[in-house]
Amino acid sequence: MPKDHGIGAANKRREDVRFLTGKGRYTDDININGQAYVHFLRSDVAHGKLTKVNTSAAEAAPGVLRVFTGKDFEGIGGLPCGWQVTDRHGNPMQEPAHPVLAQGKVRHVGDAIAAVVAESYAEARDAAELIELDIEELPAVIDMKAALADGAPKVHDDLTSNLCYDWGFVEENRDAVDQAIKGAHHVTTLELVNQRLVANPMEPRVAVGDYASHSDESTLYTTSQNPHVIRLLMGAFVLGIPEHKLRVVAPDVGGGFGSKIFHYAEEAFCTFAAKQLKRPVKWTSSRSEAFMTDAHGRDHVTKIELAMDAEGNFLALRTDTHANMGAYLSTFSTSVPTWLHGTLMAGNYKTPLIYVNVKAVFTNTVPVDAYRGAGRPEATFQLERVIDKAAREMGIDPVELRRKNFVTEFPYATPVAVEYDTGDYNATLDKALELADVSGFDARAAESAKNGKWRGLGMNCYIEACGIAPSALVGQLGARAGLYESATVRVNATGGLVVMTGSHSHGQGHETAFPQVIAEMIGIDESQVEIVHGDTANTPMGMGTYGSRSLAVGGSAMVRATEKIIAKAKKIAAHLMEASADDVELKDGAFSVAGTDKSVAWGDVCLAAYVPHNYPLDEIEPGLEETAFYDPANFTYPAGAYICEVEVDPDTGKVTVERFTAADDFGNVVNPMIVEGQVHGGLAQGIGQALLENCVYDENGQLVSASFMDYAMPRAADLPNFSVDHSCQTPCTHNPLGVKGCGEAGAIGSPPALVNAVVDALQRNGKDVKHIDMPLSPARVWAAMNG
Amino acid sequence: MYDFELVKPTTVEEAVAALSGDEAQPLGGGQTLIPTMKQRLAMPGTLVSTSGIASMKGVSASGGVLTVGGATTHGTVAAEAASSYPALAALAGGIGDPAVRNRGTVGGSLANNDPAACYPAGLLGSGGVVVTNTREIAADDFFQGMFTTALEEGELITAVKFNIPEKAAYAKFAQPASRFPLTAAFVAKTSDGVRVAITGASEEGVFRWTEAEEALSSNFSADAVDGLSVDADGMIGDIHGTPAYRAHLVKVMTKRAVTAAG
Ligand SMILES: Cc1cc2nc3c(=O)[nH]c(=O)nc-3n(C[C@H](O)[C@H](O)[C@H](O)COP(=O)(O)OP(=O)(O)OC[C@H]3O[C@@H](n4cnc5c(N)ncnc54)[C@H](O)[C@@H]3O)c2cc1C
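Chains D and A, in that order, are what the protein sequence lines are. Numbers given in the numbering used here equal positions in the first sequence, counted from 1, plus 2. Numbers given in the numbering used here equal positions in the second sequence, counted from 1, plus 1.
Read the hints as simulated data drawn from the structure, not as lab findings. Even glycine gets a Cβ: it sits at the ideal position worked out from N, Cα and C. Careful, some of the hints might be misleading.
Claimed, not checked - Label pairs and their calculated CB-CB ranges: (1) A:103 x D:51: 46 to 52 angstroms; (2) A:47 x D:160: 51 to 57 angstroms; (3) A:103 x D:788: 38 to 44 angstroms; (4) D:771 x A:154: 50 to 56 angstroms; (5) D:204 x A:103: 18 to 24 angstroms; (6) A:47 x D:62: 24 to 30 angstroms; (7) D:395 x A:229: 39 to 45 angstroms; (8) A:205 x D:448: 42 to 48 angstroms.
As the list claims (entries may be wrong) - Sample of chain A residues facing chain D (criterion: CB under 7 angstroms; computed from the structure): (9) 175; (10) 178; (11) 221; (12) 240; (13) 242.
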């Protein structure tokens, strides 16, 4: 029986009432008295020297308060990069300055040159057209390999080249891997592109800066997944404002998918300008601006080689990836192709030797950073594609080839520095095969053939690392931040709870799922628990929401804080019942003493804590409020198996996804409906990447796919009814909830299954197509078929 | 968007008078013009809305001709031409989404002559005339290349007359992002022969595929097109398809339209 309460109940999302009735309060809904508006003048060339920026006509235009240029930010810090990667030779990465407004040079289309603050948007925009601008256009570097060629134009003149780092992992394995590949029975090689994507959350970015001169306090309202991180980065590195004078608020946020993790120049600008002008300053991104300023995702070019013995046992894996950083290092950009990618190259398999080489490259394009899955989709895609190709080359069934190489004993230390605590890859694979009705495929393929369509079946497994991350470990790897999470649980006098968390919901349903955990622990109704997040002024320092970490890390902090609450409440209850705390039990919202009929209600204990008339004041303090910081011992490792069935129209190359099955092991599940929704969203994004989405620059660095007219988003009609299962559960062994994280799985696990299915459809119909790069647009599939 | 004046006349005469002003431009559903203005790529001084002109709205069929007022929305055509000219109604019903169809107009679509728009194929394929405030322009003379038509400055499309064929169908292959046609074919069979109009494919905009028309006039079946090929030269190439791909789709979509027409 599904539960109707607490952990495991499919509670409807309480926040949806607000969202669906138009009562959400997003950053753009914040309008402060006296607010001014900023419009950014952005570069329309990819690379150029700013020889003249004359703002005098703009300054004199109606309504203009002030025009800012790079000069105003000369003495001010740049946007910091949060992760320092050390290269193969032990040297730190090349780290260029990332100014708030361009200093002498523009480096991508959309780079901000000047900011006009005026009484209205229209006036700011009008005035921006009066800025006299001379840009001496320089040759742009767009292609990564060309950017690394000798004599290539440099994106940053003060760096030695366009190479950010050349990373080797595990460097000590390099020779052994080379040897193993040389001597292997068979090596399957695949070259592929994991294309650049634009996150496109429904809500574009917005920032409102405010300054209170009476208290010298700055406030930034922003569309962020992690307000504390923004406060730290912007306060400490950019503007030099101590935390106690800086408040960052991220109210309702309409989707992020990673793109709202990072600290952006517009946030720093609005905070800075508000203080300068003593006026609130607001910026709302247009969709066009979002395309050319939100950090993009993916953009890897990879060669992968898989060495096998005659039986198909994996012997060694070598990958060589170029990862596009864009023109500047966005906050977590450097970690994505390295520690979030290389560490996952073992996948679900016990390949003994692995070497990953990543060259991160500067180009005259928008910065690239984490996007749903961040590094793990790139790892999964290449691995699961090369395995599929290997299966064909070896004449082994792709399911069997995977099974043969599965990790089956846990914990398992991979050759790429992580330890899987638990898992059962055969279980999710069996489940997926069953749900996908693989045995009925032939009949369905025959039916498709009758309609002139080619049907194909593709599958893959995946593993990901979530619940980022053990602070000490990531510190060694170059992270410039800790990655714990925090929670303060405040019990009110009448028994209700407020939980203040450093996690941040931008669509995940925290306001529903988190109370289920606490309600379960105490035995009260979820309605008694309120979640507060998104405001540095009333939440403890926490690292925010990304990397499927909120329940695994943030939820664990909540459990720890609630445990402290319960321990203290038991002492109070013991006092009230004149018993020993050790004998007190908490069940269904009441405290009792084992073996007696003594009982005291949760609410009475809470009241006693705040009205301590009859209270052990010599032993414990009044009040019932506890904070916990939880630093995870390890990552969590959700895993699963995905199966996709497609139809290809041989006349046009159009692919339709007919069936999609996802069997995931997320460990314990707190709210199955939310988990299912997360998987659906992830699948939509993964299928979007595989079939539709493509961020394209031309050779001059103009963004060709700069609007929804050319950037194809997935729509409901592009997706089949998903078959989603999460009944295979191997609970995480090291967090108190046994949960693993489910937010990114769909996006990580689905692209290879889809591409494998299309290749399968073509192969079954006599087209010897080995690979097609994503997105598998009709034109590309047709070209591959007729190539 | 720059500042502009909006006038909302109720008669064609008032509209034409307003259009004679400096920098004045008709506004149909605004589904193309407004986004362009928002991006500051157009700065008309005055917009003359057609939406209040009753005589420019409505759908009627008589004597083998379907007359559609120039300010009639795609949604209205989809609903009201469904029995008199189902192929055209289906074309209108496949444009954009409900919001676009509730605003966008036949006059706006034809005047804009986007190389990937649907209506140009519908009109050129049907044969017929564009009626303006001053004259009638035959479909074959109206389209003059991408975004170019025979319309003069200030000339208003007041109605469009489509010849209703014996059989017709529109086969649209959607561009994955915009869902405009990547290539689409409108095929119409009349007692005089067959017309095949192709949109989305050519750098010259909508065109008649005369070889297919000839082949289909003697044998109205998809097979009749089999032996033909379309030259990729002059076809559009972009991130959604090469010229060769579009040339291929011209044939595929023509065959599908013929099959659908029955
Ligand atoms: C999301 C989206 C999807 C779309 N998908 C498709 C599609 O699949 N297929 C397709 O064909 N189109 C599509 N369109 C375009 C749509 O059909 C528009 O309605 C059409 O292009 C313009 O019509 P309008 O009435 O909105 O014209 P407007 O935008 O108002 O005007 C367009 C131009 O025509 C002029 N004009 C307007 N009315 C007249 C008139 N009566 N006489 C003379 N000139 C006039 C205007 O001055 C302007 O230059 C789409 C649009 C959107 C926004």
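Just to be careful: measuring from the Cβ of residue 178 of chain A to every Cβ in chain D, is the smallest value less than 7 angstroms? 4 angstroms, holds
Evaluate the given range 46 to 52 angstroms for the C-beta pair formed by residue 103 of chain A and residue 51 of chain D. Because 49 angstroms falls inside the window, the suggested range holds.
Interface restraint verdict for residue 175 of chain A against chain D (beta-carbon cut-off 7 angstroms): Residue 175 of chain A check fails; min Cβ-Cβ to chain D is 9 angstroms, beyond 7 angstroms.
Taking the least C-beta to C-beta distance, is residue 242 of chain A closer than 7 angstroms to chain D? Since chain D brings a Cβ to about 4 angstroms from residue 242 of chain A, closer than 7 angstroms, the hint holds.
Is the gap between the beta carbons of residue 771 of chain D and residue 154 of chain A within 50 to 56 angstroms? 52 angstroms, holds
Cβ distance range 24 to 30 angstroms for residue 47 of chain A and residue 62 of chain D, holds or violated: Since residue 47 of chain A and residue 62 of chain D have Cβ atoms about 28 angstroms apart, the given range 24 to 30 angstroms holds.
Does 18 to 24 angstroms hold as the CB distance between residue 204 of chain D and residue 103 of chain A, or does it fail? At 22 angstroms between Cβs, range holds.
Indicate whether the distance between the beta carbons of residue 103 of chain A and residue 788 of chain D respects the range 38 to 44 angstroms. 40 angstroms Cβ-Cβ, so the 38 to 44 angstroms window holds.
Satisfaction of the hinted span 51 to 57 angstroms by the C-beta atoms belonging to residue 47 of chain A and residue 160 of chain D: The hint (51 to 57 angstroms, Cβ to Cβ) holds, given that residue 47 of chain A and residue 160 of chain D are roughly 52 angstroms apart.
With 42 to 48 angstroms as the target window, see if residue 205 of chain A and residue 448 of chain D comply at their CB atoms. About 44 angstroms separates the Cβ atoms of residue 205 of chain A and residue 448 of chain D, which means 42 to 48 angstroms holds.
Whether the CB-CB distance between residue 395 of chain D and residue 229 of chain A falls inside 39 to 45 angstroms: Given range 39 to 45 angstroms: holds, Cβ gap about 40 angstroms.
Closest C-beta approach of residue 221 of chain A to chain D relative to 7 angstroms, hint status: 20 angstroms, violated
Hints 9 and 11, counting from the list given before, are not met by this structure.
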